[in-house]
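As you go down the protein sequences, you meet chains A and B in turn. Count along the first sequence from 1, add 10, and you get the number used in my numbering. Count along the second sequence from 1, add 27, and you get the number used in my numbering.
Since the hints were derived computationally from the structure, they do not count as laboratory data. Treat the hints with care, as some may be off.
To be verified - With the C-beta cut set under 8 Å, the calculated list includes, among others, these residues of chain A facing chain B: (1) 86; (2) 88; (3) 95; (4) 96; (5) 100; (6) 107; (7) 283.
From the three backbone atoms N, C-alpha and C, an ideal C-beta is built for every residue, glycine too.
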Amino acid sequence: MQKIIGFIALIGIAIGIAWWSMKPQDEVQQADGASSDPLKVGFVYLTNPGDHGWTYAHEVGRQDLQAHFGDKIETNFVENVAEGPDAARVIRELVEQGNEVIFTTSFGYMDPTLKVSKEFPNVKFHHITGYKRSENMATGNIRFYEGRYVQGVVAGLMTKTNKIGYLGAFPIPEVIQGINAFASGLRSVNKEASISVVWVNSWYDPVKESDAAKVLIAEGADLLAQHTDSPAMLQTAEKAGVKGFGQSSDMHEFAPNAQLFSSVNNWGPYYIQQVQHVMDGSWTTGEGPDHWAGNTWNGLGDDYLVLTEFKNMPADIAAKATAARDGIASGSLNIFEGPMMDNKGNEVLATGAVLDDGGLWAMNYYLDGVLGDLPN
Amino acid sequence: MMRLTPRPYVSPHQLLLVPVLSVLLSIILGGLIFAALGYNALDALYQFFVAPLSRPDQIGNLFVKACPLIIIGTGLVFCYRANIWNIGAEGQLIFGALGAGWVALYLPESWHFMMLPLMILGGMIAGASLAAVPAFLKTRFQTNEILVSLMLTYVAGLVIDWLVRGPWRDPMSFGFPLTPYYPDAALIGKLSLPVVGKLGQLHWGILIALCVSGLGWFILSRTLAGFKVRVAGDAPRAARFAGFSPNIVTFSVLLVSGALAGLAGMVEVSANMGQLQPQISFGYGFTAIIVAFLARLNPAAVILAALIVALSELGGDSAQIAMGIPKVVTGVFKGILLFMLLAGETITRYELSFDLRMTGGKMSRGDADV
Numbered sequence: 011m012q013k014i015i016g017f018i019a020l021i022g023i024a025i026g027i028a029w030w031s032m033k034p035q036d037e038v039q040q041a042d043g044a045s046s047d048p049l050k051v052g053f054v055y056l057t058n059p060g061d062h063g064w065t066y067a068h069e070v071g072r073q074d075l076q077a078h079f080g081d082k083i084e085t086n087f088v089e090n091v092a093e094g095p096d097a098a099r100v101i102r103e104l105v106e107q108g109n110e111v112i113f114t115t116s117f118g119y120m121d122p123t124l125k126v127s128k129e130f131p132n133v134k135f136h137h138i139t140g141y142k143r144s145e146n147m148a149t150g151n152i153r154f155y156e157g158r159y160v161q162g163v164v165a166g167l168m169t170k171t172n173k174i175g176y177l178g179a180f181p182i183p184e185v186i187q188g189i190n191a192f193a194s195g196l197r198s199v200n201k202e203a204s205i206s207v208v209w210v211n212s213w214y215d216p217v218k219e220s221d222a223a224k225v226l227i228a229e230g231a232d233l234l235a236q237h238t239d240s241p242a243m244l245q246t247a248e249k250a251g252v253k254g255f256g257q258s259s260d261m262h263e264f265a266p267n268a269q270l271f272s273s274v275n276n277w278g279p280y281y282i283q284q285v286q287h288v289m290d291g292s293w294t295t296g297e298g299p300d301h302w303a304g305n306t307w308n309g310l311g312d313d314y315l316v317l318t319e320f321k322n323m324p325a326d327i328a329a330k331a332t333a334a335r336d337g338i339a340s341g342s343l344n345i346f347e348g349p350m351m352d353n354k355g356n357e358v359l360a361t362g363a364v365l366d367d368g369g370l371w372a373m374n375y376y377l378d379g380v381l382g383d384l385p386n
Numbered sequence: 028m029m030r031l032t033p034r035p036y037v038s039p040h041q042l043l044l045v046p047v048l049s050v051l052l053s054i055i056l057g058g059l060i061f062a063a064l065g066y067n068a069l070d071a072l073y074q075f076f077v078a079p080l081s082r083p084d085q086i087g088n089l090f091v092k093a094c095p096l097i098i099i100g101t102g103l104v105f106c107y108r109a110n111i112w113n114i115g116a117e118g119q120l121i122f123g124a125l126g127a128g129w130v131a132l133y134l135p136e137s138w139h140f141m142m143l144p145l146m147i148l149g150g151m152i153a154g155a156s157l158a159a160v161p162a163f164l165k166t167r168f169q170t171n172e173i174l175v176s177l178m179l180t181y182v183a184g185l186v187i188d189w190l191v192r193g194p195w196r197d198p199m200s201f202g203f204p205l206t207p208y209y210p211d212a213a214l215i216g217k218l219s220l221p222v223v224g225k226l227g228q229l230h231w232g233i234l235i236a237l238c239v240s241g242l243g244w245f246i247l248s249r250t251l252a253g254f255k256v257r258v259a260g261d262a263p264r265a266a267r268f269a270g271f272s273p274n275i276v277t278f279s280v281l282l283v284s285g286a287l288a289g290l291a292g293m294v295e296v297s298a299n300m301g302q303l304q305p306q307i308s309f310g311y312g313f314t315a316i317i318v319a320f321l322a323r324l325n326p327a328a329v330i331l332a333a334l335i336v337a338l339s340e341l342g343g344d345s346a347q348i349a350m351g352i353p354k355v356v357t358g359v360f361k362g363i364l365l366f367m368l369l370a371g372e373t374i375t376r377y378e379l380s381f382d383l384r385m386t387g388g389k390m391s392r393g394d395a396d397v
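Looking at chain A on its own, in the form it has when it is part of the complex (with noise of 0.2 Å):
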């Protein structure tokens, strides 16, 4: 018995050997072919893609990506990355397998990003969505925040209850500018609706939004929002006979007869203006004395921002939701206008002015129409 197992067990090594001393020669061949390397752009993102929500978004966007340049560029992904420590080891290893430009696709990854990106100074990489920059590492975003006034404007016109569930994952300048702008969608067709924010406290966990959704329809809330990923809000409304609507990836599927339309993260086209940048030499970080200056951050006028279909509303309502969705594209619709008044009766913005990009991230108030303290 033990002359067998010592037998296999040499086979094993013997094998395990060849391989070894195969391997080497596999790598020489392909730096052999370097002459021609395509352009290698790494991703990581937070969760495994699947067919739904942020990250599927991002899947999306690098297939754009992959697709608009074909074999000038080779992408590769990591899912599943967590926030910590863990993402520094992984986009260092992404560095080291030769990708020149990396996509962080999550904001935990800000600092992971900020401190590799001081280790390899000619790699670029981009981190969304954050506030931190370097010399080689810029700041991705897409204007959410546009696509949620549009979900103000009809949930004021359809709601009943005169009450509007809003599901948030976390109090960061992000998540209130989008409740913000709800507010100011939903002020400007209805002065009595009103909305209740939970804090789920996690960007995604059906179990937690499902549950809070619940509590908002038992309190008498005929439509929900949500500022997290999973599409369990969206089918607690579909069974509660309640309207919602999607977050980052089109959700009908899910609930069709709940989902009035969802704002839909089209990464595609940032990837690919960015990359290009890159292959044309031109990339900059953006960085200027004013925060935002110079980044890229675009929403529905240049479709960064979409719009999936308006259903289950009656076609006025869709008339005026078209309406301002085509307003705020075009810029003749200002969602953060003066005069604006927070939920405790102050003026944060006096008559006439126009809030700046800065004065959207310095958001550490409710606007009238949310109920309820902001937490700190």
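With the hints as your guide, set chain B onto chain A.
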């Protein structure tokens, strides 16, 4: 009913060969899975086992990944040897990070020369204090320590969440849930080795881990305290006849494993993050359970076991980056590998028999129902 009976004699050859065979079997099985999914099996296995070791900095990173596993695993060995099942090392790790973080964020400047020792102390006390809860409840009310320690993990997760979003949040963080950065005195630096210099992200926390493992081995196998722990686990009746208090053993092993998990939390944050965030551990406390068993509950072998587990983690990433193999697939392969190693270990030491009689009597010590 299946039952496992300890084998009276296990040859040293078998002890050496079985792990090799286990690895070979999992390589064959894994290779088949990779091939069935349309990947080049040899390339995939190369990415899994060899690529993560192909550069010096990656070897450093392997030790970085293994570091918390070694520290927690050593503590868990003490528990499991005494037949006390601490499943909550993850929570104790979080508490340790909080204890150390409290020191790091609030220690007055004039005390900074004492920063790291105080952080170690703070981390260990905090970790041990969370482990003291199941210890107290078990010795006083005979509650099940598995449930209590596991559930406290979720409590710890919520406590750090609250602190990082609330009282400890950096006012300059734009509302994001992060504490301020630790002062420089509170950071564990990179380790510079004599010949090769710096190896990737290798930090001197690894020295703490190696010391912990060595010390653990010494205490468990060479001291009276270690003897008490072993007897309490192997032969509780004999331990009572010898006058060893089971309650003291229960308390001490839980406190030791809690303190070490806390230490791991302190090292992890101080060396790799430099600030607290809602998520600071990525299952190290749970993975360390596998590490402890893979090490045959021997503190010295914990180092090797932790390195194997760390390699399988890094290998999964590497296979994903180089070949686009999804994490779920590499996760399955990792599971097969660990299962084979543990199963091989078990059937070497125990004889598997099928007992068809319905005995109904009590099992003798050392037998285990499966």
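Hint numbers contradicted by this structure: 7
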